[in-house]
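J.: These are the residues of each chain, in order.
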Amino acid sequence: MTIPKINEKQKRRDRYSWIVWGIIIIVIYGWCFSDMKFSHIQESAGTVSKSIFMGLIHPDWAYIYNGSGEDLVSQLIMTLAIAFLGTIIAAIISVPFAFFASRSKNSKYNVTSKVGTFLLTAIRAFPEIVLAIMFIKAVGPGSFAGVMALGIHSIGMLGKLFSESIEEMNHSSEYSIVAAGGSKPQVFALSTWPTILPALISYTLYSFEISVRSASILGLVGAGGIGAPMIMALNTRNWPRVGIILFGIVVMVMVIDGCSGYIRKKLV
Amino acid sequence: MHTSEVPRRSFVKKYHIKGMIVIAILIVLFLYSLKICGVDPSLFVSNIAQFGVLIGQMSNPDWSYFSFIWDPLVQTVQMAILGTTIGTIFAIPAAFLAARNLDHSKVVHGTSRFVLDIFRTLPSLLLAAILVAIFGIGPTTGTITLAIFSFGMISKLFYEVLETVDMGPAEAMKASGASIIQIIRLAIIPQIAGQFCSFFLYTLEVNVRSSTVLGYVGAGGLGLYLQQTIDEFNYSETAVVILATFATVLVIDILSNYLRRKLQ
Amino acid sequence: MSDSDILQVNHVTKVYPNGIKGLDDISFNVKRGEFIAVVGLSGAGKSTLFRSINRMQDITNGEIFINGTDISKLKGKELRHFRRKIGMIFQSFNLVNRLTVQKNVLSGRVGYYSTWKTILGLYSKGDKEKAVRSLDHVNMLKKLYDRADSLSGGQMQRVAIARTMMQEPDLVLADEPVASLDPKTSEGVMKDLRNLNVKDHDTVLVNLHSIDLALEFADRIIGIRDGQLVFDKAAAQSTPDDLKEIYEGGNS
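Chains as they are written, first to last, in the working numbering: chain A, 1 to 268; chain B, 1001 to 1264; chain C, 2001 to 2252.
Calculated directly from the structure, the hints in this document are not laboratory data.
Cβ coordinates follow ideal geometry from the N, Cα and C atoms, glycine included.
30 Å max Cα-Cα, derived DSSO-like pairs, lysine-lysine:
id, chain 1, residue 1, chain 2, residue 2
1, B, 1156, A, 265
2, C, 2125, B, 1018
3, B, 1014, C, 2103
Here are some of the chain C residues that sit facing chain A, going by a computed Cβ distance under 10 Å:
id, residue
4, 2077
5, 2083
6, 2085
7, 2086
8, 2103
9, 2104
10, 2107
Produce the entire structure from the sequences given, and follow the hints as far as they go.
T.: Laid out in structure tokens, this is it:
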């Protein structure tokens, strides 16, 4: 007869914990609503959204390409170039970093590994826009600042993903090279590298997908790419142009996601 | 001499033509990108003075500025919570529409997926820039932005979970004459509730990160102060804003990770 | 010690850092050209013994001589050169899945090449021909340019045997080579190992679970229980009852 009693107790505790959680949630939302200084929605909201919508269905087709280098296609290519450079640079830097981090995990260098992990977390916590603003101060406005910002931001992500995949990799083929008399560099070249490479490429592509999205907003702060004409068109209320740029970004991101997803599926 | 013949390889395979082409394309793209982005490391040297000032001031944060940014910091977190919640409310029905394993036509889930894909192409800051033009400056716009962004993200995460649901219990109940509401409540929700909550928290983390910068384009929260201090070259105040952002993100991450681990 | 002994194991003990005894005072000699089966329960210390013989791990006490050399003294380059002459075959095949069969087989020669030649894949013509011959021996030549992960388990183990042949080993250590294969494939792989012994006159030590395979293929059988050597006889003089004793000993 003791068992049902315990169940009863457990049940009651469960019910109490539900009530406690419910109260916590209600307090959080109550706080959000009561304390939130809601701004008024501007009266022109209706007309502006109508204009944007009209702009979207009557986009400024002439802007797509006009050879000036300021047109949609050139700016989208610039955006892709920023994302591409940022990702490649980050990937190249992250590889040795990740190998070092995962090697030191089980050794006396454990402290370095912890410091490294903390640094990567810190880098990831910085929104790329903040990095872009800082790099604009360092190298002046333009795409270069964008490349640097995305590069650093991607190191935070790729460093983590790379070192995790190295820690989880299957080491069995390394033993056979060691057993045949291979030196450490040979073990790396013949076994570790070919085994880990597909995972590294897959993560790099994934990071590129994210970087393309980020690159499309860098221009909002002056770090190059499609964001710059976008903010200009918004400020001058040039809705047909906003429409075509929006359209361009959506198509670009979807195409890149599609291609990258296809390659990643083939790699596995 | 050999009992079987030595296999032959095509020219393309023997000289790894495909791999070579891929590498060549990557190198060309890399060089072309370097050129059009105007990457020039010497710029670091020519701007070193200004960057030095930035770093110098930033390493001396002006802590007194913290009292000014407490309110927007709180507002940032509130925007993220409300935005995520509103987005989630709309995302649940959308996820049910987009899931492939529930009974409805291909047209329905195909179209809903395509629409959701479009939602997910837009980064939240870009969305905010457009919505500010529509709704005006302030945290309301930020909340709407985050709601739309969360909607896109959560509905995808949710429909992927829905597609992994084991329909066995649901079918057993259907056979015994349960209503659709009963089936959802007793056979489907128990399987997915944990993961749904976990994804909600994960999206909240992402939204807290983005809400800290939304103010940069006028959509409320801390980002406004980021822009102001930088425009006024008060980098020692900027440092406080960045550190506050960092601390907030870290605290929310830790809380959310703790809750997610409890849910599993 | 006689000249015909290729391997001498003298009072070898291995204690793991957690205090568990992997090997407990094991001694035996192996003559050149013998085919020996090492049998025992899993966890009895068979793999520990093999890993100690090619210095994949260090022993706590005792000595191991190969061709009269005390292997515990070897370091760096000497150790790698010593390993070139010891072939190792694993239960999980340990091929590099992403590489072709040819590259996997050639990797058996890794100890004879400099690092940069390995990276660029610059193997000599002689070695490439040797790889073809080795694969032909194990009937896998038709898969020369296939990727290793496209092969079945039995095929992978044959490729691993071909890789070992590339080393022209004095001694082959096969650690549970057939434990993850079905009975029919096991038989084939064991025949390939036997061929190494008969045709190439290699000395072969093989870890086995199966008493039947041990009796069928080996010249001599060594039994290990709880890290101790409990049986050592020519296969022809061993009876199935003897071998049962190795597994059940103490409990029967």
